[in-house]
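Trainee: Below are the chains, spelled out letter by letter.
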Amino acid sequence: MAKKEVDDRFKKFGTVSFTAISKTNDFIDYLEEGRVMGTRCKDCGARFFPPRSDCSTCLQSNMEWFEVSGAGRLMSFSELKYGPVGFEDDLPYTIALVDYGDFKVFGRIAKEIPYEDLKVGMELKSVSNTLPNSQLNYVFKRP
Amino acid sequence: MGRVGIIGVGQSKFVRGYPGSIRELAFEGFKEAIEDAKIATKDIDASIIASAPEYDKQRSPAGVIAEYLGLIPQPTFYIESVCSSSSSALKVAYSMVKAGLHDVVAIVGFQKMSEISSSESQERMGRGADIQWESPFGTMMPAYYAMYAQAHMAKYGTTLEDLARIRVKAATYGQINEKAVYRKEVTMEMFTDPESNMSAPVAKPLRVGDCCANADGSSCVIVACEEKAKAMCEKPVWILGIGAASEAVNMAGRALLTGLAVSIEAGKQAYTMAGLGPKDIDVAEVHDCFTIAEMMAYENLGFAKPGEGKDLIASKETYKEGSIPVNIDGGLLSKGHPIGATGGSQIRTIVIQLRGDAGEMQVKDPEIGLVHNIGGVGLYGNVTILGR
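Just so you know, the sequences run in chain order G and L.
Position 29 (the first sequence) corresponds to 28 in numbering that gives the first Met the number 0; numbering is contiguous.
Position 113 (the second sequence) corresponds to 112 in numbering that gives the first Met the number 0; numbering is contiguous.
The calculated lysine to any residue pairs, modelled on SDA-like cross-linking and capped at a C-alpha distance of 25 Å, are:
#, chain 1, residue 1, chain 2, residue 2
1, L, Lys315, L, Glu160
2, L, Lys30, L, Tyr93
3, L, Lys203, L, Glu160
4, G, Lys80, L, Thr186
5, L, Lys97, L, Ala45
6, G, Lys80, L, Asn213
7, G, Lys140, G, Leu130
8, L, Lys37, L, Pro72
9, L, Lys154, G, Asp116
10, G, Lys110, L, Lys203
11, G, Lys10, L, Ile130
12, G, Lys10, L, Glu53
13, G, Lys118, L, Gly306
14, L, Lys12, L, Glu53
15, L, Lys154, G, Ile112
16, L, Lys229, L, His101
17, G, Lys80, L, Ser116
18, G, Lys124, G, Arg34
19, L, Lys56, G, Ser16
20, G, Lys80, L, Ser198
21, L, Lys97, L, Ala230
22, L, Lys203, G, Glu87
23, G, Lys22, L, Asn249
24, L, Lys154, G, Asp101
25, L, Lys227, L, Asp44
26, L, Lys30, L, Gly69
27, G, Lys22, L, Val248
28, G, Lys80, L, Pro193
29, G, Lys80, G, Phe17
30, L, Lys154, G, Met121
31, L, Lys154, G, Arg72
32, L, Lys30, L, Val14
33, G, Lys124, L, Ala153
34, G, Lys124, L, Lys203
35, G, Lys118, L, Ala254
36, L, Lys203, G, Tyr81
37, G, Lys124, L, Lys154
Which chain G residues face chain L? A few, computed with CB under 7 Å, are given here:
#, residue
38, Gly13
39, Thr14
40, Ser16
Simulated from the structure, these hints should not be mistaken for laboratory data.
We put the CB at the ideal spot given by N, CA and C, even for glycine.
Excised from the complex, chain L in its bound form:
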């Protein structure tokens, strides 16, 4: 059985308050991927639509979106794993192509978060956790990640300053990414300036500046079997390793609070499958829904030893010129985090990096890239290793 290649990628601009419907939003990422792949819609055998459904009034959006994109009568499937929905969809698409069921599959991720208020959105996000035993206490995503931050600080001496450095890096690249929702500079001084919004506590110890930006957006990744990928595409990017893991939904079921067990497990699977290790990775996209999440990803993926993530960011090793560049598109923190579209957008960034087409964001000559995408508070974890 041959390899599976990525032949086209696309994403909409990530924005606040997208002026259109979910199908129109999905169209934007899809159109860009079709044009990037230089193929026709009829070349696609099947589609997988990925989102977190509670943000939209539309029930079962897959059929609605497939029709709008011209992907009928081909089969379409709906995959959901909260914030990692489109990475989970990539694993399903990979399996379908590997099994020989379909040759060319499009993964369309989308989320229109702006149809509901920020507090409603937080409440829905909180219900991605244990609604019977935890949500009645008033939980929210920032507070869960804040508990990881608190535990990381207590065990390793990580500081708020260390976390702020991650936000400053994200903003460095968000400013040069025309698809990003947050394109302003963030400085270390803002985190200690009581006048700055960045320093305002959300869920202690995390501040506004530690949290990603909600956004509306769509993404699309088109995969093909080796034969078709070579025939259709000049520079296919190959899926070398693909790992996925799950964890106890309730914090009470978790042994580790200074890292995400799903990152470690999915990473192990992906590295083993690819026959590669952390030192082989030239460029990475990690799930920085909060600054602490990027810090833990450094350690859980083996870029740094446990507790030494702070040294990696302090020495700027995860900047574009460093030894392991991470989130050189602004990450979720600045590019934005439209749940169902996020994984596909991360994959797009790495594909463009490996092709050498990332322009001002281009890392020097990368051969192997890694995508780390988390659903919920480490409820689902996906790690994908790509190579040119």
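So that you can see chain G by itself, here it is in the shape it has in the complex:
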């Protein structure tokens, strides 16, 4: 009997992924292409990041992808001196939240920006990134 194909692309997301299967698996393919994408509800127009497959406003599941382009503003950030199990090799690293107006993006600051240079309110863009362990994520860089 042929084994059923499992679409577990999401296991490639981040240093350690805790989710293998999601209806938003295409997000990973877009990251591989170098694009950070959110979803937009075709029925009510609401934009979502992180991407959603289902719209909680109109309860429809007609989503299309849009690219997170341009710059947002840094809302806050923290540099970790200790990490969870599996993240030790990444230390130290800085997590951050960037506000794009009608949606926000949570992620990591690119290693090239020193912690001391970060200021709440500064402009940053979201860029896809390949990690040393070949996993994929995205990081915030200067526009």
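Assemble the complex: chain G is given as a structure, and chain L must be docked to it using the hints.
Mentor: This is chain L only, laid out in the frame that chain G set:
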């Protein structure tokens, strides 16, 4: 429909590395509450067990613990909202009693965090956040709260010194609470001394001294309908208001980063239900898992205006002798934070304060008390107002 009263409270000592199993740990808080209420186990109609299950190997601990405590064949329920599990359980118990389904309900909160390593524990705590979209970046609880601290500092000019003052206050009372896990003094100087562990960064800007102590512990709160509370208890403490709220799990779904939306919402519900406001509160327990969390609670609960929490602690208004004493048992920072037991322990502190039995920790003649208990990074919020 009558009121719901608290007739008994108990908690184990909060310790590192409890030398027993989860059922034995739960027994300690339960026994103290039964003896405090001066009732028999058979007087309890139903139990609610509260914890965050990922720390234990036991699946579905409610039945196991209910049996060990002698609470079978009565119904038992399991409630989980991470760090606010036992406050959520109190709301469910309140509803069951109000509905007339049960007259006397015991809420047993517990957590044995020491069975796993500190980094495993942090990883599990981090998974109380969004595991699909955030955890793959390597998130941890201190870092999330550090983001709130960073935003609060940027907007209001709050300093690391302001946050250290909250830790110093917690340690003042942790030293006189025999149930506390951390009973040592903490001074302002420790936060600027590179030799002191307190000054070591964990998740910038937060330092070791800004973080609460993990602990093993249990708590128990016994509630009863008005008629039984009056018959069974000399000094019942009444539940006057009880609010609960939820928030987006992902930081990207949040509008506010300088306070917790769940604190504001749950507080509003509790104040409205009780017909009271922040000025009526004589003593409070707030969820100080990190120093910044207590600072935000001052502001979100209306003890201070947004951005003015730092003035409240600088003027020592939240000390025992101040206008709004907060965490006069050492708080999560010094008493310790055994997730599922924490809310019940906070409720116990306020009940004992309102009875006037808090000894060296006693605030002068309080009539109304407030308990603020948060689950996750403001994922769940519970505010309970109690009166004698």
